[in-house]
Amino acid sequence: MSYGQNTSPASRERSRRESDEGEGDRVGTQHKNATERPDHPHPPLRGDLSRAAGEVYGRDPRDRGGPAQPLLLVENLRKHFPVRGGLLNRKVATVQAVDDVSFAIRKGETLGIVGESGCGKSTTARLLMRLIEPDAGATVFDGDMVGSRSGISVNAMRRQMQMVFQDSYSSLNPRMTMVDSISYAPRMHGIPRNQASERAEHLLEQVGLNPRTYARRYPHELSGGQRQRANIARALALEPRLVILDEAVSALDKSVEAQVLNLLADLKQQFNLTYLFISHDLNVVEYVADRVLVMYLGRVVETGPVEQIYRSPRHPYTRALFASKPTLDPDRRTTEMPLTGDPPNPINPPSGCRFRTRCAFAQAVCADATPDLSAPFGAPPTDGPAHLVACHLPEAQVAAGIGHA
Amino acid sequence: MSDATIDFVRRELLAQADAPAAPTPGYWQSVRQRLARDPVTIAVSLVLLAIVVISLGAPLVTHYDPYAGSVLARLKPIGTPGHWLGTDETGRDLWTRLCYGGRLSLLAGILPVTISLLIGGFLGILAGYAGGLVGTLIMRTMDVFYAFPSILLAIAICGLLGNGLSNSILALAVVFIPPMVRISETVTTQARQLDFVEAARASGTTTLQVIRYHVLANVLGPILVYATSLISVSIILSAGLSFLGLGVTPPRAEWGLMLNSLRQAIYVQPYVAALPGLMIFMTSMCFNLMSDGVRSAMDVKLNK
Chain A
5 MSYGQNTSPA SRERSRRESD EGEGDRVGTQ HKNATERPDH PHPPLRGDLS
55 RAAGEVYGRD PRDRGGPAQP LLLVENLRKH FPVRGGLLNR KVATVQAVDD
105 VSFAIRKGET LGIVGESGCG KSTTARLLMR LIEPDAGATV FDGDMVGSRS
155 GISVNAMRRQ MQMVFQDSYS SLNPRMTMVD SISYAPRMHG IPRNQASERA
205 EHLLEQVGLN PRTYARRYPH ELSGGQRQRA NIARALALEP RLVILDEAVS
255 ALDKSVEAQV LNLLADLKQQ FNLTYLFISH DLNVVEYVAD RVLVMYLGRV
305 VETGPVEQIY RSPRHPYTRA LFASKPTLDP DRRTTEMPLT GDPPNPINPP
355 SGCRFRTRCA FAQAVCADAT PDLSAPFGAP PTDGPAHLVA CHLPEAQVAA
405 GIGHA
Chain B
3 MSDATIDFVR RELLAQADAP AAPTPGYWQS VRQRLARDPV TIAVSLVLLA
53 IVVISLGAPL VTHYDPYAGS VLARLKPIGT PGHWLGTDET GRDLWTRLCY
103 GGRLSLLAGI LPVTISLLIG GFLGILAGYA GGLVGTLIMR TMDVFYAFPS
153 ILLAIAICGL LGNGLSNSIL ALAVVFIPPM VRISETVTTQ ARQLDFVEAA
203 RASGTTTLQV IRYHVLANVL GPILVYATSL ISVSIILSAG LSFLGLGVTP
253 PRAEWGLMLN SLRQAIYVQP YVAALPGLMI FMTSMCFNLM SDGVRSAMDV
303 KLNK
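Here the protein sequences line up with chains A and B, keeping their order.
All the letters of the first sequence, read from the start, carry residue numbers 5 to 409 under this note's numbering.
All the letters of the second sequence, read from the start, carry residue numbers 3 to 306 under this note's numbering.
One should not assume that every hint holds.
To be verified - Quick partial rundown of chain B residues pointing at chain A, CB under 7 Å, derived from the structure:
hint, residue
1, T7
2, Q192
3, D197
4, E200
5, A201
6, A204
7, S205
8, T207
9, Q211
10, H216
11, L218
12, A219
13, P224
14, F245
Stated by the list, open to error - Derived coverage of chain A by chain B (criterion: at least 3 residues anywhere in the stretch with Cβ under 8 Å from a Cβ of chain B; other residues may be distant):
hint, segment
15, 159-169
16, 173-182
17, 186-199
18, 260-267
Since the hints were derived computationally from the structure, they do not count as laboratory data.
Note that the structure is a prediction, hence the values are computed from the model and not measured.
Virtual Cβ for every residue (Gly too), placed ideally from N, Cα, C.
Use the sequences and the hints to build the structure in full.
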């Protein structure tokens, strides 16, 4: 479990439901949660107050679970794609794109997901949006189980969770002007055309595009950076609480990338957003993320606060990943390849720890048992969000030598 | 907001405010503009328009009865006074016959395509968007029809239903549904995978809304263009059916039927006998060229 909590999401869910029935209970559970989490960004007492009082404190009226409830809780998410072939199109193999991924995103934070290409980052994003149906796993959005009868529907979740795609061109309808693209979703949700267009123009202005010039333009009439701004405006049109940025700045050149990153930071404050930031660019993730999730071959191998992961990575894969990060410091130049070869084929992933085939420390136990995410060996107990690592071997977690990180 | 960003945004906004706000035309308006700049498309459209107008207004451009012949005026050559395009084997004015024949030929060209566009387009978009079992079911059913050559299938259906104009239109519609489904399915499958369709799905709108606003606008172009090119095939096939005696029945005027009856006179009046064929050729070529022109005008990326 990677969400750094002692209570399981299921029990959290249950306690929230119970507390909805009796307000007294609710206060009790909330208080318990709050005391368990001293790292809480808000004064813990605020969560104890009733909803009406919460609004006085300027809490988002859509905030149902209170500040201690993670905005998004993902448990044991799994997607195995069948590979069909041969006679009669039978299933001949499965690609284990995402396997047993669990994490939580707290309100107002930015969670970064890093990993090599093909490690399941984007599939995870699409699973969260339910653009792909997961094979297994539960998503809990602000205390509401997504897709369950007692929770919220997938469409209701999608209104609060939006996504910005990597390809700024193909993610805009070539037949629609900017203002039409942005106002589409609000219009479909019943906002009158004029009002939706007005709001779209306002959003364009907020992402730095003059509506007078750009509102009536088509995607091919804009540059990549401008298009990505429009995509961000489109994602914000439904006033979401969580925005998934799937390699959203990876296709932009460096100067534009910086502008868009700053814009994202500003918008986050302005609209009180929570980001899930998926990128293969470690420097960008270090810049934007509060917490990081490192994925390898469809599994989470390490998670924790960004400073901790970047300062003292514990998983051999994370260390190798950071070692391969280009640096400008000539004294720290990478001399040997920290990681060789391609990741193993996800159709037939290695047993046990999936990284063992490329790991210098691998032992018999790594092939036998799948390591759980747990606190690293010898780590002092921390108050903050937990640093968790999926590795059996203490020596592998502390060994120096690889890389420069 | 950080100062740098505010500054950047302000500068960008100022720069943009100075630039004249060029009114970008709507999509269909821009298509029309591009069409207006394409002389070939304009020319063939005018020819088609003329054919349609003359066919519909046949009584106004000729004073002869299309069915009344004269034994004395049989097989007159082109340029005969009173019959400037000559007469056919029963002495009917050929210009009159061509004008009236255009009505049925155009109907037999356009109606089957329209029917197959509605049915085939619907099935194809459904198959392409739904995919999975529904898609497989629809596409495999279409493959059964594909196994027959189109003209043989049309002849078989006509033979089954009996001859007559409505039966030949029905037969052609059935023949055109499978290719229409296949085209619609292909373009829809492609469009469905695009990020903006995923984004639309991710915005929590219903499937029908996603199809209407995002899929349809991007697949209708290619489907319509394909349908236009099918019109020429439909004219030729229906002419062929009439030629074989399966479509329009004599003495009604239809280009294919006229070609059939005049073929006996090909050694007597070769130019007169070729005229219905020329009309079929011209009309179908014009539809083809027009569909090409419309396709390139609808391609946003081709023309900036």
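>> Checking each numbered hint in turn, tell me which of them this model violates, lowest number first.
In response: Violated hints: 2, 11, 13, 14; rest satisfied.
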